[in-house]
Structures are given as C-alpha cells and as structure tokens.
Amino acid sequence: MKILIIAATPYFSNRGCHIRIFLGAKYLQKKGVDVLLCTYHLGENVGDFPIKTNGHTSWYKKTSPGFAWGKLWLDVKLLWLCIREIRRFKPDAIHAHLFEGLAIGYLAKIFAGKFGIPIVIDSQGDIEAEFNAYNKKNKFAKKVFVPLAKRIIRLADYIVLSSENALPFFEKIAKLKNKISVIKDGVGIEFFKESGQEKLSESVILELEQVGEWKKNGKLLIYTGGMEDSKGVESLLKEFLVIKDELRDWKLLLYGVGSDRKAYRRLIEEYHASEQVRFTKETSFFVLSNFLKIADVAIDPKEESTEGSGKLMNYMAVGLPIVCFENNFNKQKLGSKGFYLQKMSDLGNSLRQDFPEKISYNLQDEIEKGEIEKLFNIFTKLIEKRKHR
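Counted the way numbering that gives the first Met the number 0 counts, the sequence shown spans residues 0 to 388.
Don't take each hint at face value.
Unchecked claim - Below, a list of computed lysine-lysine pairs in the DSS-like style, where the Cα atoms sit at most 30 Å apart: (1) 218 - 330; (2) 261 - 336; (3) 215 - 51; (4) 218 - 243; (5) 357 - 215; (6) 292 - 280; (7) 149 - 237; (8) 51 - 61; (9) 218 - 113; (10) 330 - 178; (11) 198 - 237; (12) 218 - 261; (13) 149 - 61; (14) 386 - 342.
Unchecked claim - Simulated restraints on C-beta separations: (15) 180 - 292: 38 to 48 Å; (16) 180 - 266: 17 to 27 Å; (17) 180 - 0: 17 to 27 Å; (18) 261 - 109: 51 to 61 Å; (19) 359 - 57: 47 to 57 Å.
Hints are computed from structural coordinates only; laboratory data are not their basis. Since we're looking at a predicted model, the values are computed, not measured. We treat Cβ as the ideally placed atom computed from N, Cα and C, and that holds for glycine.
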C-alpha cells in the first residue's frame, strides 16, 4: 500500500498537528505502508520516511498556526509538487491534512490524470473556530475561506477528525455521515519509553540540570504547547503572576514556541517574575518527556475547542496530575482523575491541594498504535472499493 501524505503546513515545527502527522506516518510505516510526505519548505526534516518540500521561499517565515495570505503561494507550489509526485510515486490513496491539503490533493490528482485515487482528509477541527482562535482580525479572509472550506470538504472520500467536538460541524456540512470517524491523538507509548538521557545532546542535558536547580525543593507546574492566546497561555500566565506571591513554593515552566512567546517574556519581565516563571530554551517534542518528568503537575489552560489535545496525552503518558478546564474532551479523557477548573481564577485554590506524586491512567484505549490501526483499515477499505469499481 502506498499513501501520499499532503501536509499544507510547515512540517515539522513542534506543533500538535505536526506531532499527529509524525506519529501517524510512523505507525503506518510499521504496518508496512510505503508513505511519502509532501509539505512546505519550512520546519525540520523529521521522521524516518521520505519528505518532499515545495521549494524554498525566502520571504515566508511563519511556522505558527493560523491563516496567512503568503500561504496561498506556498499552496500553489505544493500543488505542483503533488502533481509530480502522484505521477512518480503512484499512490493508492491520499492522506490530506487540513482543508488546504484536501483542496491541493483533489486538484493534484485531477491534473495528474489519476481521478480515482481516494482522499481522506484529516482535520484538527472546525475551520470557523480556527479563524476565531487565530485570525480574529482577518474578517475578510474568514468570509472567503470558511464558506469555501465547507464546499471543499465534500470532495473527500472519507473524513477523519481528532476530536468528537468537531463532529457536529462536519456532520452538518459533509453529507458523508457514514464516512466520518474520530481518530484520536493517541499516546506514542513506545516513544516515551525510548526517551533517555543517553540519547540527549549536551545542551539539553545542561538545560535539564539548570531547570532542576531552579526548581530546587519547590513544586513545578508545566505547560507544553503553542505559545498563543488561543491556547489559554495568556490567561494562565496572568493568573499565575497574580498568585505567585501567595504560592512561593510553586514555579511555572513554559515549554513551546508560538507567535506570542515574546509578549509573554515581556510580561514576565514587567512583573519581575523570572524567579518563578521560566521559558525553556529547548522546545523539541522529541525531548519533551524528559522535561515532563521534572514537573509535579501539568496544565492545559485551553477552555474549549473543537480540536483534540495532544498535550493531554503526553501528560498522561508520564503519569502527571493534570489541571484543566472541565470541558467535554478533558472529562472524557481524565474522568475522575482530572483536577478541574471552572475559571482560571480557581488556579490558586487548585494548586493548594495535595496532588498525588504520579497517577496511573488507563491508556489502553489511547495508544497511538490502536488509533492508526483504525486509519489503516479506512485506507484498506477505500483502496479495495476502488479496485472493484
């Protein structure tokens, strides 16, 4: 089986979407699938699978989530790359990430003269919610691309979602109610078990030691993920700066990249809070578990979303107690083992309680391997159906 993966995003940039692409391709490979990834020129070349990029564009630097007009040119270049690779690679199916990936995949197979190749779209969530989260000010782009995306989705042969929260949006517009599945962001258990200091660079080992010295005998709350207001980071940071003097034994470690990271740094400087709040220099997903193991408690400050939360899976993999909002996704994953907030101002009271050292989560239904098995079966059925036409 040959699968062409189209990622209209700067893979790999240590974002949840990119981790999903990486783990999906990795486990499909283990199933014997021949995968090829076509993506933007930005990001790291991560994964033991072939990656083709759409050529260097020096003026485009954005690696954070959200719409940008410059992406349209990158999408045109990615389209021509995909046309060439469909003719050369001859895939049995296309795995298109995001709405742009679906549009590019559909046009590419038409221009390549391979009309019958089935396409599966892998979507993080509701595009309207995405615009509201990342591009509130760009109202014109929202007016153009949200209706367009609702039409594009009907080009897919199958729809894969990362969370049940997005189901109502897609069931309303897709007309494919019997061809929609939720493939959750699973836990790469093998990956977390394989993480060890013997594989780390000297700079990472040094930073781990520095964080340990900074923490001393205190308690460490860790956030990992995108440094954007839409992720709830601003509200977390502002609340922690309010309560930091009352909770002198707690420190906050922020691990990740994003468009608002510089603004958060300035805020910490304004409050003279560098003794209690710290950004890691390292931001790679591939050493993340080593930093999680230093922490006492993890937090996901995002209130609600149609997307899944890969960071929750990572926290669970190392057994950290998790503070988060009491939304449907979090309750479904954590049940009675979550430490829930009703509002961010509850954080101080939450941190005053006694947390267990480690929590044993039931990860049997969350293992990435099992989730990718579902995806593999979807591709198998679509390919078999095409053969019998």
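What hint numbers does the structure not satisfy?
-> The structure breaks hints 2, 3, 7, 9, 11, 14, 15, 16 and 18; every other hint is satisfied.
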